[in-house]
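Read top to bottom, the protein sequences are chains W and Y.
Numbers in the numbering used here are just positions in the first sequence, counted from 1, shifted up by 423.
Numbers in the numbering used here are just positions in the second sequence, counted from 1, shifted up by 86.
FYI, nobody ran anything at the bench for these hints, they're computed from the structure.
Computed from a predicted structure; not experimentally measured.
Hints should not be assumed to be uniformly reliable.
As the list claims (entries may be wrong) - The calculated PhoX-like cross-link candidates involving lysine-lysine, where the alpha carbons are at most 20 Å apart (straight line), are:
1) LYS384(Y) x LYS462(W)
2) LYS895(W) x LYS705(W)
3) LYS705(W) x LYS902(W)
4) LYS826(W) x LYS788(W)
5) LYS769(W) x LYS784(W)
6) LYS119(Y) x LYS462(W)
Unchecked claim - Restraint ranges, calculated between C-beta atoms of paired labels, are given here:
7) ASN464(W) x LEU358(Y): 49 to 57 Å
8) MET301(Y) x PRO548(W): 26 to 34 Å
9) LYS119(Y) x SER750(W): 37 to 45 Å
10) GLY271(Y) x GLN729(W): 23 to 31 Å
11) ALA549(W) x ALA228(Y): 32 to 40 Å
Don't be surprised by glycine CBs; every beta carbon is placed ideally from N, CA and C.
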Amino acid sequence: MNTELSDTTYAKATPAPDRDGAPLLEIRGLKIEGFADEKWNPIIKGVDLTLHRGEVLGLIGESGAGKSTLGLAAMGFARSGVRFAGGSVRFDGMDLLAMPERRRRKLWGTRITYVAQSAAASFNPAHRLIEQTVAAAVREGLKTEAEAIADAKALYAQLQLPEPDRIGDRYPHQVSGGQLQRVMTAMAMSGRPDLIVFDEPTTALDVTTQVEVLMSMRRIVDEFDTAAIYITHDLAVVAQMADRIKVLRYGEEVEEAPTREMLEHPKEAYTRSLWSVRSLRKPAEPSEDVVLSIQGVDAAYGNMVQVLHDISVDLPRGRTVALVGESGSGKSTTAKVVTGLLPPSKGEILFEGEALPPELKQRNKEQLRRIQMIYQMADTAMNPRQTVGEIIGRPLTFYHGLKGQALERRVVELLEQIELDAGFYDRLPGELSGGQKQRICIARALAAEPEIIICDEVTSALDQIVQEGILKLLMRLQKERGISYLFITHDIATVEAISDEIVVMYQGRVVEQGLKDRILSPPHAEYTELLLSSVPEMDPDWLTHLLEERGQDETAAGA
Amino acid sequence: MTDQTESYSAAGEVAQLRTRRSRRERMWIELRKAPPTALLGLGIILIYAFVAIFAPWLAPYGEAEVLAQSYAPWSAEHPLGTDQIGRDILTRLIYGARNTIGIAFITTLLAFAIGVSLGLIAAINRSWLDQVISRGVDVLMAIPSLIFALMLLSIFGSSALSLILIIAVLDSTRVFRLARSVAVGVAVMDYVEAARLRGEGLAWVMRREILPNIMPPLVAEFGLRFCFVFLTIAALSFLGVGIQPPTADWGTMVRETANLIQFARFDLKAGLTPLMPAAAIALLTVAVNFVVDWFLHKTSGLRDEH
Chain W
424 MNTELSDTTY
434 AKATPAPDRD
444 GAPLLEIRGL
454 KIEGFADEKW
464 NPIIKGVDLT
474 LHRGEVLGLI
484 GESGAGKSTL
494 GLAAMGFARS
504 GVRFAGGSVR
514 FDGMDLLAMP
524 ERRRRKLWGT
534 RITYVAQSAA
544 ASFNPAHRLI
554 EQTVAAAVRE
564 GLKTEAEAIA
574 DAKALYAQLQ
584 LPEPDRIGDR
594 YPHQVSGGQL
604 QRVMTAMAMS
614 GRPDLIVFDE
624 PTTALDVTTQ
634 VEVLMSMRRI
644 VDEFDTAAIY
654 ITHDLAVVAQ
664 MADRIKVLRY
674 GEEVEEAPTR
684 EMLEHPKEAY
694 TRSLWSVRSL
704 RKPAEPSEDV
714 VLSIQGVDAA
724 YGNMVQVLHD
734 ISVDLPRGRT
744 VALVGESGSG
754 KSTTAKVVTG
764 LLPPSKGEIL
774 FEGEALPPEL
784 KQRNKEQLRR
794 IQMIYQMADT
804 AMNPRQTVGE
814 IIGRPLTFYH
824 GLKGQALERR
834 VVELLEQIEL
844 DAGFYDRLPG
854 ELSGGQKQRI
864 CIARALAAEP
874 EIIICDEVTS
884 ALDQIVQEGI
894 LKLLMRLQKE
904 RGISYLFITH
914 DIATVEAISD
924 EIVVMYQGRV
934 VEQGLKDRIL
944 SPPHAEYTEL
954 LLSSVPEMDP
964 DWLTHLLEER
974 GQDETAAGA
Chain Y
87 MTDQTESYSA
97 AGEVAQLRTR
107 RSRRERMWIE
117 LRKAPPTALL
127 GLGIILIYAF
137 VAIFAPWLAP
147 YGEAEVLAQS
157 YAPWSAEHPL
167 GTDQIGRDIL
177 TRLIYGARNT
187 IGIAFITTLL
197 AFAIGVSLGL
207 IAAINRSWLD
217 QVISRGVDVL
227 MAIPSLIFAL
237 MLLSIFGSSA
247 LSLILIIAVL
257 DSTRVFRLAR
267 SVAVGVAVMD
277 YVEAARLRGE
287 GLAWVMRREI
297 LPNIMPPLVA
307 EFGLRFCFVF
317 LTIAALSFLG
327 VGIQPPTADW
337 GTMVRETANL
347 IQFARFDLKA
357 GLTPLMPAAA
367 IALLTVAVNF
377 VVDWFLHKTS
387 GLRDEH
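The following block holds chain W by itself, in its conformation from the complex (with noise of 0.2 Å):
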């Protein structure tokens, strides 16, 4: 297998020349409108792509780019309230554009096949698996129900699904989501389709998930020598998956180059900027003088579920800890219960070395203040009713009686210290970037002047150059206010840049903690090892050395 794999590699660094000679798709001039605030708003604005037969590429830029649209766009497809105002989408010899729907329609789920951001909301949750896996292919009659019945399952045993005969039979949320999105993977091939969209397909999942599913759609995308376009913000992974990648950036194209060239030399100024981004990081200053300490704290939710084993965390003053592990490790449990909102069945936590009331109604204004916190999803931290103005102004009149022209002052102050400008004040957070919105966040916790800031998770959700910006200020505050940061995250990438000491998480159980420099370097913990070789190197072998590295443990382990 491992041989199998190094060809495919070297395959993959020389395109393979098509059958035919004549490109798979050929996007000419394509300009997309779409329909908001009662004008036709320009989305993408002529963009030419080229695609061959077997080839793999990959698109990113930052989110308002225009990617998703124009993966759509390859398929004939415009979402509702988005129309296509110029140009010229050839799929195969055809002009996709200029056909009925009715024909398109044909296209798609067989020869055209899509592959979604989020598998669970794409599923129908009332049907099982199996039938929706092979619904295209037996509507276009392409095959009968038990052959293409007999061909999903071979497809899941494939994409390394576990009981490949069965899972079928399961319902959509029966599964996880890596699984599911691997059966979506099953959907889009069940046609044996010339070209696949894939529309940020692991975006959604944990690193340890990621890298699975990864594998499992590189190995079948090569194995069957399908076209795809591959839609991503995240660079590390289109390193692995992609043959040439273009970047786009405000529906313009800002260069394109096979993926070793774009990685080694990258051309354009904004390219580089992206680049740059992963080697944002921190030195670990060590400090004994610690500000909040947990111990010994066990938590569970409804006296049934114990989601919390004895955690010890101390976080010094002026430091970053960052609680690191995949999703259901109990980080944002951790969060909970220093914040009050669950009090702990056993421990205790000690703030300024005194104990702090477990539950949120006995702790005081005063308390209340100096702990704040910065959720994951901005969107949602904030009230889409009330204006910037508003929800930063709030604190300051809710702790420090703020106001009329004082606090109208301190709010612009603390929109310049985020880098954000007066403009912003009555702006309300629908008028606002992702990024925008998390500086806001940020700055309604400073408002209140806390001593600690519990961050859960507040740049995963943000493309990578908005989250350096997001970084670097948080960085910077910290300096100047000697603020210390409860760091909540799942990206070794963001740990790296940010924090002093790493607490490392698995099922409710601190596995290790310690110095930054201590953790990341040999020799780990084994769960450790597996979060770390887990995260996308900016390599593109990267992913084919960790395939090799981890089927020798299985053979080794096999053996």
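Chain Y: place on chain W using the hints.
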């Protein structure tokens, strides 16, 4: 997009495309796109409101002014004739708008004040208090409301005040259920948690964090609830326990002139007279429903096709 820069800046991030507009501009844009039924409904409601407010100036006679002839036929002097004791029907129709709509409006407001407050408290609290209120509401809803209202009105007497209070309490049960169910969805949002972590009290969380976000369904329900209250009052008045004479009211008017319908064979217009207040009730109900339909479509988040 002239602010394109090579390097990253937080303020320059691409946010949603939106021109800032005042509330009036936004309303004007919505109105221009509104379907004809909604505009018709709005027009009718405005006319009713106008008539109700300016009744004393519009009506040709006094509300309870008794004129010479009872059951007079339609004429130039009395465009819709007179009733059993010789009061002008057109005048009473106009005053009826004021009384019926006014009382129904106040009742609905009160029902919302009770139902929404309890609903929000239940949604935020979610413990024994929620159970107590919700089960109490279930009990109230298990009794047919018209019969219950009849019973209560005969105990407390049919004054306008007891009419308002009784119907408001009975109808607040439905409002409670709606408010609680939509508020439960909002109460689990991070911004509500953030407010609680800040140490905000119940009143702030209810009024500032949750209420503004559940307004659309509540506004739609207000329209529908108004129709039901309005119909209930008319029904009670028709049964004789609603708004009491000499106050003009459409339900009472239907009852008082109902037997005129037998004379339709001799004089078609006389037969139409009792249908006038009934038509006034029906038209307003239909108009409110048209507007509510449009509003629900606007707030349901369904995109218009272009």
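> So which of those numbered hints doesn't the model satisfy?
Replying inline: none
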